[in-house]
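Peer 1: Which chain is which? The protein sequence lines are G and W, in order.
Going by numbering that gives the first Met the number 0, the first sequence opens with residue 0, and the numbers climb by one from there.
Going by numbering that gives the first Met the number 0, the second sequence opens with residue 0, and the numbers climb by one from there.
Calculated from the structure, these hints are not laboratory results.
Among the hints, erroneous ones may be present.
As the list claims (entries may be wrong) - Below, in silico cross-link-like pairs of lysine-lysine (BS3-like), each with a Cα-Cα straight-line distance of 27 Å or less:
#1 K140/G <-> K173/G
#2 K79/G <-> K183/W
#3 K79/G <-> K244/W
#4 K140/G <-> K79/G
#5 K244/W <-> K183/W
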Amino acid sequence: MLRVRDVSLSYGGEPVLEGASLAVGDGQFVSLVGPSGSGKSSLLRVIIGLQTPIAGIVECSYRRSEIGILFQDDALLPWKTARENVALGLTLNGMDRRDAVAQADHWLGRLGLAGFEDRYPRRLSGGQRKRVALAQVLARKPKLILMDEPFASLDAIVRARVVADVVALVEQQKISVLLVTHDLEEALSLSDAVYLLSQGPRARITQEYNVPIPRPRDPVRSRLHPSFATLYEKLWSDLSREVGGEHAQPARDDAAEAA
Amino acid sequence: MTLDPRHAWIRQLATLALVLALWEAAGYAGWLNPLFAPPPSRIGSALHDLFSDGRIWPHLEATFTAALGGLILGIIVGIALGVLAALIPFIAELLEPVMTLLNAIPRVVLAPLFVIWLGVGISSKIALSFILVSVLIFFTVFTGIRQVDRRLVERITTLGGGRWALIRHVYLPSVAAWVLGNLKVAVGFAFTGACVGEFVAATRGLGYLLSFAQSTYNAALMFAIILIIMVVVLVIFSLSGRLEKYLMRWT
Ligand SMILES: Nc1ncnc2c1ncn2[C@@H]1O[C@H](COP(=O)(O)OP(=O)(O)O)[C@@H](O)[C@H]1O
Ligand SMILES: [Mg+2]
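Whenever a hint applies, use it, and build me the whole structure from the sequences.
Peer 2: Next comes the structure, spelled out in structure tokens:
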């Protein structure tokens with residue numbers, strides 16, 4: 000269980016986030032969407048502990064080592080092979096080297112990278128690197144995975160395949176997920192719940208949508224589910240209102256000054 | 000006509016042979032003053048003499064010792080100071096202006112000073128090589144560490160790695176990569192330092208032979224030594240190129 004309560008964050012000036020709250024239940028797949036620059040990545044960095052909020056708390060029932068993180072550009076160590084990169088995630092957790100290497104090979108194989116274990120990242124394609132990063136995260140048997148636009152750098156076809164693999168593995172291992180994305184279709188097709196972050200500054204969660212599409216899910220097929228279109232339309236109009244609201248901002252400030 | 004790039008070396012060699020032959024012929028015809036431009040055969044026999052009576056070896060040894068000594072010391076000290084300065088702001092405050100000054104001047108001007116301080120022996124040559132190399136390596140490491148990829152650091156941290164894991168898996172390999180990337184330049188600097196040091200004041204070494212050839216107006220000997228220095232540096236270049244290629248095979 001991950002619970003974010005009334006988190007506010009400032010980088011020095013006006014707060015980027017103000018009173019943002021959300022929750023991810025055990026085994027739940029949750030997405031966080033919002034306008035670009037609203038503070039989605041910032042909120043995730045607060046949860047990870049890379050940023051300290053000025054107010055609010057993050058409650059998490061998982062240990063640090065049970066949390067996996069996947070970013071847009073997954074910085075694999077360029078001087079380590081695919082196998083060494085994956086194994087490093089395990090040895091840093093205290094696993095002995097031989098077991099770590101065996102596990103690394105197992106997970107690389109499961110993600111379709113058998114035969115690429117000895118490649119350096121520079122010699123892998125974008126999709127393959129993403130799979131290595133995924134193997135690195137999954138090999139640690141996480142209970143929660145935090146993802147920040149992890150698929151944004153992949154082209155459409157590779158992306159569809161990687162996403163399908165992720166969903167299958169996450170469902171199978173009952174891993175909780177918090178996914179940050181700007182892709183509404185992706186959010187709806189993968190998640191049990193979607194949170195909408197309002198336009199910043201002082202962004203907070205303004206809407207929560209439950210997605211009643213049954214599991215196991217096929218990320219492409221679930222777009223054909225009857226509830227998908229309705230939810231998509233609602234999410235889209237709420238988001239458009241948020242982005243449109245940026246014009247209303249000065250008016251509110253004027254009002255504040257007048258008051 | 001299209002040129003097969005694989006055969007470039009044949010054309011290069013043939014042209015070189017032609018130039019040498021013309022040079023030789025010009026010498027015999029009396030068009031070139033042998034005092035300034037001795038024909039290739041004279042240079043060849045000077046080379047032959049140097050090696051056949053074994054006179055060259057102590058000089059080669061002296062230059063090598065000075066250059067390699069300066070190179071190794073310079074790399075070790077350069078890395079150590081670079082790391083310290085990158086980690087401890089107080090040390091950076093003290094070191095950075097000194098290094099910037101040393102970097103701004105042509106450091107070979109320190110050669111006479113080192114002779115006064117350390118004598119005409121090998122120490123002053125090692126010192127000159129050392130100062131050339133260490134300043135280069137210091138800046139490589141110092142700026143390198145400050146520009147280390149933040150994402151790699153965050154990655155290791157979020158995987159649960161502490162300070163030691165960061166040093167071992169991120170900083171050390173990064174530092175090694177930057178140093179290796181500058182290894183060829185450092186080797187060139189090291190030999191420059193050794194030869195210039197010997198040129199200024201010495202009793203042995205290729206630089207000393209050069210200054211001897213100069214004082215006796217022996218152009219053939221001078222050409223021979225320049226040739227030897229070129230070959231030596233090229234060999235070391237290719238060795239360090241191979242080392243770099245092996246250790247940086249991940250690029
Ligand atoms: N390290 C930082 N320092 C200062 N401002 C930042 C920093 N990171 C993000 N911001 C600002 O915070 C706001 C939210 O950024 P971010 O969390 O990256 O948004 P999102 O991920 O939703 O696109 C933006 O206005 C951005 O400019
Ligand atoms: Mg972002």
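Peer 1: Hint by hint, say whether it matches the structure.
Peer 2: Tested hints:
no.	hint	in the structure
1	K140/G <-> K173/G	holds, 10 Å
2	K79/G <-> K183/W	holds, 24 Å
3	K79/G <-> K244/W	holds, 15 Å
4	K140/G <-> K79/G	holds, 21 Å
5	K244/W <-> K183/W	holds, 12 Å
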